[in-house]
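The numbering of the sequence shown is my numbering, which starts it at 2 and goes up by one.
Honestly, the hints are just simulated from the structure, not real lab data. It cannot be assumed that every hint is accurate.
To be verified - The calculated label-pair distances, taken between Cβ atoms and stated as ranges, are: (1) T86 x T164: 24 to 30 Å; (2) L154 x S40: 18 to 24 Å; (3) A89 x R33: 34 to 40 Å; (4) V92 x G35: 29 to 35 Å; (5) D90 x R165: 24 to 30 Å; (6) V19 x H126: 21 to 27 Å.
A quick note: this is a predicted structure, and the numbers were derived from the prediction, not measured. Every residue, glycine too, gets a C-beta built ideally from N, C-alpha and C.
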Amino acid sequence: MAVTASTTVPAPLDRVVVTFSDEEFIRHVTHRAGATLESVDVVGDVEAQFAVTTVRAMNADRLPEMARRFVGSSVRLTQVDTYHTPDADGVRIVRTQISVAALPISGSATQTLTPQGEATEVHVHCVVESNIPFVGKKVAEAAEPFIGKALSLQSREAEAWLTR
2 MAVTASTTVP APLDRVVVTF SDEEFIRHVT HRAGATLESV DVVGDVEAQF AVTTVRAMNA
62 DRLPEMARRF VGSSVRLTQV DTYHTPDADG VRIVRTQISV AALPISGSAT QTLTPQGEAT
122 EVHVHCVVES NIPFVGKKVA EAAEPFIGKA LSLQSREAEA WLTR
């Protein structure tokens, strides 16, 4: 199943990229989402190609109801965001892979960060897959609304973070 969402962050693209990859910002957004940040690893130069690997723990009650019956009291999410070098127009493509420990659920996304003067358009297209026998499709469908909520939260918090 796929979901698409867009938003605009009122800051230049280079500041948005630095913010999205900042450990303290990631910790802040993770906390606001009701999860715990276990680790952040940034490899590479934020002005070129680089990757951010984030590991979060989340209480199972934050998961879609259908997925809760397959996990214990918490679940660990690993997210790898690979930021590609800006193109000639300054657009950054971010490829994201998300895996859920102990569950055959994964997500892959493409974020397009487009400079709009003093703002940045963030467009996300995400595919959620679940290989749980008999109910995998329903679990993936239940997870989709969380993608849009996560994008909205990240953008809203980035706006507040950047005005500090």
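Tested hints:
{"no.": "1", "hint": "T86 x T164: 24 to 30 Å", "verdict": "holds (28 Å)"}
{"no.": "2", "hint": "L154 x S40: 18 to 24 Å", "verdict": "holds (20 Å)"}
{"no.": "3", "hint": "A89 x R33: 34 to 40 Å", "verdict": "holds (35 Å)"}
{"no.": "4", "hint": "V92 x G35: 29 to 35 Å", "verdict": "holds (32 Å)"}
{"no.": "5", "hint": "D90 x R165: 24 to 30 Å", "verdict": "holds (29 Å)"}
{"no.": "6", "hint": "V19 x H126: 21 to 27 Å", "verdict": "holds (23 Å)"}
Figure legend: structure checked against the earlier numbered hints; every hint is met.
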